[in-house]
Every structure is written in structure tokens, then in C-alpha cells.
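Dock chain to chain to rebuild the complex, using the hints, since each chain is given by itself in its own frame.
If you're matching them up, the sequences are chains A and D in order.
Take 1 as the starting number for the first sequence in the numbering used here and just add one per residue.
Take 1001 as the starting number for the second sequence in the numbering used here and just add one per residue.
Quick caveat, the hints were computed from the structure, so don't treat them as lab data.
Where is the CB? At the ideal position from N, CA and C, for every residue including glycine.
Among the hints, erroneous ones may be present.
A few chain D residues that face chain A, going by a derived Cβ cut-off under 7 Å, partial list only [stated by the list, open to error]: (1) Asp-1038; (2) Ser-1055; (3) Ser-1058; (4) Ala-1065; (5) Gly-1069; (6) Asp-1151; (7) Ile-1152; (8) Leu-1155.
Calculated cross-link-like contacts (lysine to aspartate or glutamate; reagent style EDC-like; alpha-carbon spacing at most 20 Å) [what the hints assert, rightly or not]: (9) Lys-1115(D) - Asp-1026(D); (10) Lys-98(A) - Asp-1153(D); (11) Lys-220(A) - Asp-1149(D); (12) Lys-98(A) - Asp-1052(D); (13) Lys-1030(D) - Glu-1089(D); (14) Lys-121(A) - Asp-1036(D); (15) Lys-220(A) - Asp-157(A); (16) Lys-1037(D) - Asp-1130(D); (17) Lys-212(A) - Glu-1150(D); (18) Lys-1017(D) - Asp-1130(D); (19) Lys-121(A) - Asp-157(A); (20) Lys-117(A) - Asp-1036(D).
A short list of chain D residues far from chain A (calculated; beta carbon distances all over 12 Å) [as the list claims (entries may be wrong)]: (21) Arg-1022; (22) Ala-1031; (23) Gly-1049; (24) Glu-1076; (25) Asp-1087; (26) Asp-1106; (27) Gly-1112; (28) Gln-1123; (29) Ser-1126.
The residues making up each chain are set out below.
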Amino acid sequence: MTLNRHSPELPTRTSIAYLIKTNDQQAMTFINYASREINCKIVYYGPGLCGKTTNLQYIFDSTAPQARGKLISLATETDRTLFFDFMPLELGTVRGFKTRFHLYTVPGQVFYDASRKLILKGVDGVVFVADSQEERMDANVESLYNLEENLAAQNYDLMKIPYVLQLNKRDLPNIIPASELTAELQRKGEPVVEAVASSGTGVFDTLKAVAKQVLTELRKG
Amino acid sequence: MPDTPILLREQHYHQIKAVLARLRMDASAKAVFLVDKDGQEIASQGELGNLDTTSLASLAAGNVAATGGMAQLIGEKEFPTLSHEGDRESIHISVVGRLLLVVLFDDRSSLGLVKLRSKQVSQQLSRMFDEITEANSDDLESPFAGITDEDIDSLFN
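Same shape as in the complex, but just chain D (with noise of 0.2 Å):
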């Protein structure tokens, strides 16, 4: 893992915004995320209403984490997809790189048609996040870099 950060500039964050709407409305999904592997939620579109996300987010990256632990001990990489159908709500998973693409859908769709959208935006998102690696800034500095002792007992008061 190189030691830089990556950053997704404003124009990067309404593209992949804009990806997820379009791939909500193709699909006729209700709701469609992207979350790091690690549980971080980075975008979501969609009929969110009091769905608690942050929990969500965390709930995938488990999930996804859980089942490439038992792909490994059979010899696979990992398992790219993964697809949960409940009675009315269904929820889709596709691994795309260090991120899940998360969509969640009901009986307006199928999980065949959330599958194919998933995997034709999967490649877009990924050639997106290609370039935005690629173009990693090295000269970055944390913006709580400036932090001081104080700000942080604030906290704690």
C-alpha cells in the first residue's frame, strides 16, 4: 500500500453521484450506496427516508469481509457479488476494488437486472477510481495538521 492518500475532488464526488442516480433509475433500485471495504459510507442516492445508513455501511463491509474469509480458505480470491433477497426488500453487493457498491431494491426490480446494472457501472466506477489513484496528490497536508492539545481536550469537556 503506497503511503499517499487519495482524493476524490468535488468533480469526482458528482460524478460518482451521478453514477450511482443513473444506476438507481436503470436498475429501478431504492436506494444504491458505495462504501469502503472498511465500512465508510463515501455516496448514496436514493429513497434513504430513516434508513440507518452508517449501520448499513458497516454491516456490508462485514459481510463482504465474512464471505472473502471463507472464499479464501477455498482457494478463491474473493466473491464479488453478493445478493441477499428478503420477502419484500433485497439487497445487492458488488466488490469493485477497495469498495462495495451497495444497492438496495424491491419487487419494482430483479435481482437479475440489479446484477447486470451493478456489474456495467462496477466497471466505471472502477476505471473512475483507477484515475483518481493515478492521480494521487503528494503534496497534501492535513487539514488538522494545525491541531492543537487543547482542540482535542475540547472534545472530552
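In isolation and in its complexed conformation, chain A is listed as follows (with noise of 0.2 Å):
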């Protein structure tokens, strides 16, 4: 049967319905009235060998099962990602409806870009995990303009998505200062967070950083 724009189902909190939330960055936050569950994308991107990878798997290891689901690590047998990593965490409850939040990693060596491409489809939010170390500056830059880029090829603006930028291996000596980093890399005044992912500082302050803003667009509608 065919529906039509003023049928009297109107979605209401007790009713069964999806509503696959499109907007025009073509961002997809599943809401499912049924399990009252909210659905986000957040992906972790970087270049080789940053820490996206350690930040999920401090996220997986310091929460509690029944609040996460598997750690799926597509990655090489030397545990380089080769496809993505991907885990399901549920932070609670807003407005009686589950937040749950899909967290992906993309592969951050160079050679891999197609995947990084195909993992953005359908983001909500995007953490950019820099590495810290003077060596990895130049890959900071490439890997940077590399994620502006992807966005564009999916119609997405950097300028727009929520964003949060992490200056990781706060803790190893060769380090840039951040407030050098942040020169280089901030973007749009998005938040910067300082971590060490091995040890988790500024794991979880990075994740609530971008889950605020993912939250808040919902918000706007």
C-alpha cells in the first residue's frame, strides 16, 4: 500500500518504527522506536600507526561487557589494520532511548585508501588521532588533508561534521608541543584533547568530545 504525507501513524514514542535520520551530509543516526535505541557512526581516523586501534581497545577493555559488544579487528597477521575495526558501545539512556554508538577505525597506512573511503559512508562523527611524535608531523598533514578529501568524495564537510581533534603519545619524549600541533592541525576550533591511548588518558574524553557534538546535532534535527 502506498503511504501518504498526512497518514495518521505519525511516529509517536509507543509506536514500532525506524526512522533513518538523512541529513544533508547524508549522515545516518538510526533511531529505532521499537528497542528505543538511538544508532551512531563515529570513526577514528589517522595515519599509520597513531593509535586509532588503541583507543577502541582501551575503550573495549575498561568497559563493561553487557555495555559493549565484540571488538572485530579486520587486521593483518602483524595486527595492522587491514579493513577496519569495529565495536558497538552503549553509553546509556537520553530521553528513554539507549545511545549506542558505533566506533570504526579506518586503516591508516597510505596504500589503503579505498577502505578508508568506504568506512566514512555514513558517518556521524569523525576523531582525528595526530601522533604526536616530530617524525610523524609530515603524515599528521598528509593524513589530515587525506580525511578533508574522502569527506568531500562523500559530500561531506569537515567544516561541518562533528569533529574532535586527539594529539596522541602525549607520553614518548620526541614529542611537538601541543599548543604547536593545534596550530598545525586545528581545523575549525573543534576540540583538542591530549591523550596517551596505551595508558588511556584522553580516551574517553575524546569520545564524549565528539559524542556531545553527535548528540547535539540530533538535536538540531
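Here's what the structure looks like:
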């Protein structure tokens, strides 16, 4: 049968329905009225070996099993991300709806660009994980440029999507001062979080910063 | 992409579940899922048991995305179906517009039967989603329009 625009059965909080919210940048947040869930997609981006998988691994290790699903890692035999890591995480309830974030990483190595493009599809928020070491500065800049380019290829604009810059590996000796890194890599006044993902410093602050922006976008509708 | 949401009303949700249940029966399948191309599970039917359907949905979408990327490299738009046959369990995936129809089956069925039944249902699901898309409501307000900063902060406390 054909639905009509003025059908009396508009969604209510008690109806069973799914809403695929599509904004002009094609972000997809699923709101499931049946199980009262919101599902959002967060992607961790950055150069090779910057600590994207380590962020997810720390979140996985320090979250109660009932709040998260499996951590799926499609990695090479040497533990380099081949396609993506994936982990569903339930944060809690807002207005009676369970908020579930699907966390993804991309493979950082330059030659996996086709995979990175695919993983950005339907993204609601992005975390850029920068490697603070001096010798990785060029890789950071190249990866950030690649992020902007790949987002644009999917009709997203980095300037408009929920976005956080994480300065990782702050515990290493040969790092660039945070102020310099921020000056070089910050694009739009996004939150900047200093982190040591291997020990968990800044990991949840980063997630919180991007999740807040995603939920704030939901409020805008 | 139009700036409008797609809404599945309760009756359509039940219609989709009914279509999946019928497919499961006709194809002698263990379970049937409808998944968004971005990896979100929409509906499922069958012997789910302890199956991690969230991960399955994400990996099915990744799989289709990867093979779709290969298709474009060789000049194809996409590969509309994918099959993976294991010793005991097998998976067949059909691309239906922006959705993926995933059928899990074992030796009680066969790839040929699953392919045939999936193809028949794909056309039906495609028509249903065309109707749903046409019926998109433009006066829909986000149920989260009223959430406050405190609501959001409370998630992290």
C-alpha cells in the first residue's frame, strides 16, 4: 500500500518504527522506536600507527561487557588494520532512548585509501588521532588532508560534521608541543584532547567530546 | 540525496518482518536479516540464538562495500549478490537499493534455492521501499529536539 504524507500514524514514542535520519551530508543516525535505541557511527581517522586501534582497544578493555559488543579487528598478521576495527558501545539512556555508538577505525597506511573512503560512508562524527612525534608531523598533515578529501568525496564537509582532534602519544620524548600541533592541525576550533591511548589518558574525553557533538546535532534535527 | 528522513511506520515494519519470515520459510534458511548499507541492522527473523547480529550487520556492510569498490574498479556499478559457502553454514547477501538482504543457511537448503527466493523477495522489498521513500514525511520533528545539555552530560556520569 502507499503511504501518504498526512497519514494519521505518525511516529510516537510508543509506535514501532524506524527513522533513518538523513541530513544534507548523508549522515545516518538510526533511531529505532521499537527497541528505543539511537545508533550513531563514529570513525577514528589518522596516519598509520597513530593509535586509532589502541583507542578502541582501551575503550573495549575498560567498559563493562554488558555495555559493549565484540571488538572486531580486520587486521593483518602483524596486527596492522587491514580494513577496519568495529565495536558497538552503549553509553546509557537519553530521554528514554538507549544511545549506542558504533565505533570504527580506518586503516592508516597510505595505500589503503579505497578502504578509508568506504568506512566514512554514513559517518556521524570523526575523531582525528594525530601522532605527536616530530617525525610523524608530515604524516599527520597528509592524513588530515586525505580525510578532508575523502569526506568531500562522500559529500561531507569537515567544517560541518562533529569532529575532535586528539593529540596522541603525549608520553613520548620526541613530541611537538601541543600548542604547535594544535596550530598546525586544528581546522575549525574543534575540541583538542591530549592523550596517551595506550594507558587510557584522554581516550574517554575524546569519545565524550565527539559523542556530545553528535547528540547535539540530533537535537537540531 | 534529498534532505528528508525515511520513515518506516509500524505497519511497514511488520510487513518487512512478514516478508523476511516468508523468505526464511521458502528458502529453508536459518535466519534472514535486513541491514542498511552503512551496517545498521533494521530487522531480522529466524534462529538467532547467541548470534552477534550487530557485528554480522557491520561486516556484511563492509563486505558489500569492499566488493562494490572492486566492481567499480573494473567498470561495474556493483556486484548485486555475494555468496560465502562454509563447511556447514553459508551466507548469501543481495543488494536491494540502500539495503542488504542477508540470508544465513545450512545444508537444509541450497545456494540455488536461496538465490532464487532472495531474488523474488528483493523485488518485493525494493517496491516496498520505493513506496516508503515516496511517502517520506517532511513535517517530522526529531524526538530529540528537546534534549538538554544536562541530558547529554548525564550519559557520561
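To see whether the hints hold, each was checked on the structure:
For Asp-1038(D), the interface hint holds, the least distance from its beta-carbon to any beta-carbon of chain A being 3 Å, beneath 7 Å. The beta carbon of Ser-1055(D) is positioned within 7 Å of a beta carbon in chain A (closest approach about 5 Å), and the interface hint is therefore held. The interface hint given for Ser-1058(D) is met, as the beta carbon of that residue sits about 5 Å from the closest beta carbon of chain A, less than 7 Å. Hint on Ala-1065(D) holds. Least Cβ distance to chain A is approximately 4 Å, under the 7 Å limit.
A least Cβ separation of about 5 Å between Gly-1069(D) and chain A falls short of the 7 Å threshold, and the interface hint therefore holds. Annotation: interface hint on Asp-1151(D) holds; nearest CB of chain A at approximately 5 Å, less than 7 Å. Interface hint at Ile-1152(D): satisfied, since its Cβ lies 5 Å from the closest Cβ of chain A, which is below the 7 Å cut-off. With a cut of 7 Å, the hint placing Leu-1155(D) at the interface with chain A holds, because the nearest CB-to-CB distance is about 4 Å.
Distance restraint check for Lys-1115(D) and Asp-1026(D): the Cα-Cα separation of roughly 11 Å lies within the 20 Å cut-off, and the hinted pair is therefore satisfied. The suggested pairing of Lys-98(A) with Asp-1153(D) holds, with an alpha-carbon distance near 14 Å, which does not exceed 20 Å. Of the supplied pair hints, the one linking Lys-220(A) and Asp-1149(D) holds, its CA atoms being roughly 13 Å apart against a limit of 20 Å. Between Lys-98(A) and Asp-1052(D), the direct Cα distance comes to roughly 18 Å. Compliance with the 20 Å bound is thereby established for this hinted pair.
For a cut-off of 20 Å, the pair hint linking Lys-1030(D) to Glu-1089(D) stands: about 9 Å separates their Cα positions. Taking the CA atoms of Lys-121(A) and Asp-1036(D), the gap is near 11 Å; set against the 20 Å cutoff, the hint holds. Distance restraint check for Lys-220(A) and Asp-157(A): the Cα-Cα separation of roughly 17 Å lies within the 20 Å cut-off, and the hinted pair is therefore satisfied. In summary, the hint linking Lys-1037(D) to Asp-1130(D) is supported, as the alpha carbons are separated by about 16 Å, within the 20 Å threshold.
Only pairs whose Cα atoms come within 20 Å are accepted, and Lys-212(A) paired with Glu-1150(D) is accepted, the gap being roughly 11 Å. Restraint check: the Cα-Cα separation between Lys-1017(D) and Asp-1130(D) comes to about 17 Å, which is no more than 20 Å; the hinted pair holds. Using a Cα cut-off of 20 Å, the hinted pair Lys-121(A) and Asp-157(A) holds, with the two alpha carbons roughly 13 Å apart. The hinted pair formed by Lys-117(A) and Asp-1036(D) meets the criterion: a straight-line CA distance of about 17 Å does not exceed 20 Å.
Here Arg-1022(D) stays apart from chain A, with its beta-carbon at least about 17 Å from theirs, past the 12 Å limit. No Cβ of chain A approaches the Cβ of Ala-1031(D) within 12 Å, the least distance being about 18 Å, so the stated non-interface status holds. Non-interface call for Gly-1049(D) relative to chain A: holds, since the shortest CB-CB distance, roughly 15 Å, exceeds 12 Å. With a least beta-carbon separation of about 15 Å from chain A, Glu-1076(D) lies farther than 12 Å from that chain, consistent with its non-interface assignment.
Every Cβ of chain A is farther than 12 Å from the Cβ of Asp-1087(D); the closest lies at roughly 22 Å, confirming the non-interface assignment. Listed as outside the interface, Asp-1106(D) is consistent with that label: its C-beta sits roughly 22 Å from the nearest C-beta of chain A, beyond the 12 Å cut-off. For Gly-1112(D), the condition that its CB be more than 12 Å from all CB atoms of chain A holds, with the nearest at approximately 30 Å. Remark: the non-interface label on Gln-1123(D) is consistent with the geometry, its nearest Cβ contact in chain A lying 17 Å away (cut-off 12 Å).
Against the 12 Å criterion, Ser-1126(D) stays outside the reach of chain A, whose nearest CB is about 15 Å from its own CB.
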